[in-house]
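Peer 1: Need the complex rebuilt from these two chains, each delivered in its own frame; the hints are there to steer you.
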Amino acid sequence: MLKIHNLHAEVEGEKILKGVNLEINPGEVHAIMGPNGSGKSTLASVVAGNEEYEVTEGEILFDKSNISELSADERAHKGIFLSFQYPVEIPGVSVTNFIKTAINQIRKAQGLKDMPANEMLKKIREKSAMLGMDRKFLSRSLNESFSGGEKKRNEIFQMAMLEPQLAILDETDSGLDIDALKIVADGVNKLRTKDNATLVITHYQRLLDYIVPDVVHVLVDGKIIKSGDKELAKKLEKRGYDWLKEEQLV
Amino acid sequence: MKLKEKLLSSYLAFEENIDLENDIHNIRNEAIKYFEHSGFPHRKQEAWKYTSLNSILKEDYSIFPKKEDTIEYRDIKKYCIHDIDTYQIVFVDGIYASHLSQTTHDKFDACLMSSALNKAKYKPIIKKYFNKVAPQESLTALNTAFSYEGAYIKIPKGVAAEKPIQILNFSTGNEHALMIQPRNLIIAEDNAQVQIIERHQSLTENAVLTNSVTEIFAGKNANVDYYKIQNDKVTSSLIDNTYISQDRDSEVSMHTFSFGGKLTRNNLNFYQNGSNINSILKGVTIIEGKQHVDHNTLVHHRKPHCESHQDYKGIFAEKSTGVFNGKVLVDKIAQKTDAFQSNNNILIDDQATINSKPQLEIFADDVKCSHGCTIGQLDEEALFYMQSRGIPQKEARALLMYAFANNVLNSVKIPEINKRITKQIALKIGVQLGFDL
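If you're matching them up, the sequences are chains A and B in order.
full-length UniProt numbering puts the first residue of the first sequence at 1, with every later residue one more than the last.
full-length UniProt numbering puts the first residue of the second sequence at 1, with every later residue one more than the last.
Everything labelled a hint here was simulated from the structure, so no lab data went into it.
Predicted, not measured: the structure shown is a model, and the values here were computed from it.
Don't take every hint at face value.
[Unchecked claim] Some, not all, of what chain B presents toward chain A, calculated at C-beta under 10 Å:
#1 Glu59
#2 Ile63
#3 Ala317
#4 Ile375
#5 Leu383
#6 Arg389
#7 Gln393
#8 Ala403
#9 Phe404
#10 Val408
[What the hints assert, rightly or not] Anything over 12 Å on all C-beta distances counts as not near chain A; from chain B, calculated:
#11 Leu203
#12 Lys313
#13 Tyr385
Glycine is no exception: its CB is placed at the ideal position from the N, C-alpha and C atoms.
With the rest of the complex left out, here is chain B (with noise of 0.2 Å):
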């Protein structure tokens, strides 16, 4: 059976587990409508020219894990940022796992999708914004179909979470190859503060297929600060929808981190919904083997006075492929508009490919929009200034690969995040640094 006839006869039993009075219960019903219209995305779509999900969707992954299974801290503790104190949502195969989370009621709600989406107390908010930001597109109308778990983050007003959000979802590998689409929705109301660390990882071979979706809101002057942590097996591979609602004054970063994975596709939109928003977009990509990593960013410019600001940055080597593909629409009433795009690649290897596309649609006329996108090899005059202060050419090409990359982090508001990136693009360049990181 292909995977998509096997979605749409799974959506039936997953049907008979679920509270069909519930008001969401119309929502699945039309995403699931619409997900049979439209199937998988294909490469004859404009969006996907770079990127097939052919190789991907052939696996026969299974919708539901059979059974749950029980990892312990000791097996994870190394995908946590663990030097810190944080708080953790924890998922294994999809499923929640309370003892390896550390959620909260107290100040603000740090905790599951599956309680807010079916107790009372929390259905005004589902109303208010579930669902509400993500469009109807194939595979988001699939993982909307599906919702049922995740992470539900709200933060009331002028509440700054005092600690991290970690969201992290592990799959075992007791399937031979499974499908997982985690829902979450974050809210930060006006004035609020919270930073968030979100990673998918598997802790074996087989192969997992991660259809995510993430619903942000951020009111008025509301700060997000966001990292996803990309560094998979090379058997998994990931498709994260994510869409951010940021009304005035409020400042969203979203950091990605894609090391790892077999397929990796990010699509990062964020909605300008008032004056004096800030909109953070930053990607290091460091890749090789046949991995594969795409960027399709969109930045709404729907108000006067906003700023976006994105910097990507990749290394490919082998036959790795990337995609860049940044669309920065600027209405015409969006006047003032601050827009700033980079997206700057080093190819290591001949058969390595990267496909950057930057779309900029400006119907307004007073704006500050620029882009720069450059593909290129190292710096031969910057080896030689290194070689001449006695640093051999494959030390000097690796230092020149961490700096290039490394710069992306100035922007890292937690330490130990940068920390751990620092060393992980150390580790991928296969550079000893004659320094600490």
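This is chain A alone, in the form it adopts within the complex (with noise of 0.2 Å):
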């Protein structure tokens, strides 16, 4: 579903990353570990379409087409989806309206015509019950004084309502007390399909235990330098990352 190759990005003149390699297929879930400034974030801006990064080499690869090229809201279009991990808060539009008009662009992309009202209300129960919103909680502004564990809540609500192919979790646990992590996790395990894949990336092994993923990677300088199952997230949790970092230079 997801293949990258060579990925070479950097922002103003800096470079972040050096050459990622990264497979993902559908029905799997990969987990991106590793120490703070290694580049993690970059690499999930970038597969989204942030612009702010400069890709300078390599291509992104998603269903076996190019997506380089395209902004950010056309790999939305295409199912790819960025849970951020500091979400922007917009004052003055709900997260019923915002959600609302994300569903109907991207139909409008995809030459359908508006989610009829009464589904989308439908939906947005459902999905909103799954993750224990509060209904009053839908009709507040877009982020604004969301709470850290609310903020994250209401991302995944979002995956949920815009159903991605792929979904890319960029520390999606910081801030989630461990009811809140349950939740959000079970949300997510919720949303797997055989179709559908995930991309979590996170600093702490915690999440794991409740997202379990097929393929473990640890980024460090901009590089993959270890992939291995989840007991390499619980060695790491163990660890650090000082002796793999060690193991690279033997």
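Peer 2: Below you can see the structure in the form of structure tokens.
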């Protein structure tokens, strides 16, 4: 589904990704771990199409077509979703109106008519209930004065509404207490099918107890230096990243 | 003949048709003398530095319309808030139109300034309030000199007006160019409540200059909720002079929505004359072309323990220009004042201009005064966020502008106004929102 080949990216002249290779197939959950500043969030942003980053080399294939030149919204239309580490506050647009706009814009891009209002309402009710969200929450301004946990839950709500092919979760666990983490992870698991895939970016192994990955990658200094199964994550949690760096040197 | 001379000679003609024995006549005489001396404001004056009246003063305005024109309700319906029950005081070319109006004298007065100024029973009230908060300034004085018609609203002690009152001024374009000077007096006595909507609307492309003065008195614990809808033709200009005197525990909120007109100048002045007063000033300006909107506000904190909240947002496209000059004056006695002022602007095009000038003069030492002013483009990160959800850039930009402006509407208490203004904002920005408004 997603195939990243020798991806190099930089921001304001600073090289951040230095040759990332990654392949994710339908039905899989991949996790990317790594120390601060290793380029995890950059990778997420670049795949989602953030124009702040310049891709200098390599390519990103999605469903076999090169998406490197597509804008973020065009990538979203193809089924890529990014759950932000720091969701942006948009005062004046409610959670409901924002998601309605997004869904109908995607449908428009796909040549479909607006989703009928009753169908939309039903879906909103269903997905918000799944994530244990209060009805009042939906009429609040998007992310405005939301707690860290509310913001993340709202990201997963949007994911549930948009039903992407590929969901990239950037540090979704940060700011969540254990109960909220369980609800969010449970939501992500419920959304999994054999046809979609999830890329989890995290600092901590904790989230991976709930969203169990098929493959774990370690990103250090802009490169994936090791990949393995879920046991790798546990090892990283225990031993940190230094042993890997040393292993590399050897 | 220049407009000033024309006005001065028109005053003599005006005098022939009014009751010279009336006490008001002295006030009018003083005012015309003042105007004769001061003339129109010009850009050398600090308060008019960014707004030049030259282009609108050169028109050959008729000062009095030659004939009455009858317009029908269907001509004006779309400019009224017609989906809720209201009182309406309607003027056509400055003259009261009874067939379009619904006035009242039942529990309170919502009627005509001309009656209030001339009928004996109103004399004590006129004496107490008329021209008592409006200062002697050139355009205000000019209006005072010609003061004759407008809305007169008086809500007695403890009465809450059960429905909003609309003050609607239409111009028909029967004259090549017309100058009108409405004079409104609004009194909410102690514990009274009233909601008012004011609009000036030209029905044709002929030039109109409106120089309006509104005096508002809010008694103890009174509540006045006022909305100005400014969405006139680009051939019409408006100078709105509003003066508000508040007594203790009162709340007055003023929302100004400026989307239209050639030149709009809002002189909005709040005077706090008791403690525990709340003054709310909100504005949304969205203009394009060569439109010009100037908000010149004053909040004068004269007593302790009062609040003021100002929030003005502007979106300027093409060659439009905006001015925000917000003055907050806190007297030495006005301790524990909480004054907040915010002016945020988005410039869409390179040639659009905003001149924003917060002016805080604080003489008390135990106060909370804050002001913020931003001039910018749209937030790139927010755009990426929206695009990552599948909203194309053009729509994302529009939605952000809509959100930016719409945020001011939270404090609008009449849902129909909220709905209309929201729609108007969407229309102005050219956004097709994926949801119902």
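Peer 1: Does each hint fit the structure? Answer for all of them.
Peer 2: These are the hints, each one checked on the structure:
1. Glu59: violated (39 Å)
2. Ile63: violated (44 Å)
3. Ala317: Cβ of Ala317 of chain B sits 19 Å from chain A, so the hint is violated.
4. Ile375: violated (18 Å)
5. Leu383: holds (9 Å)
6. Arg389: holds (4 Å)
7. Gln393: holds (7 Å)
8. Ala403: This interface hint holds because 3 Å falls under the 10 Å limit.
9. Phe404: holds (6 Å)
10. Val408: holds (9 Å)
11. Leu203: At about 33 Å from chain A, Leu203 of chain B clears the 12 Å cut-off, so the statement holds.
12. Lys313: With a cut-off of 12 Å, Lys313 of chain B comes too close to chain A, as the shortest Cβ separation is near 10 Å.
13. Tyr385: violated (4 Å)
Violation of the numbered hints given earlier is confined to hints 1, 2, 3, 4, 12 and 13; the remaining hints are satisfied by the structure.
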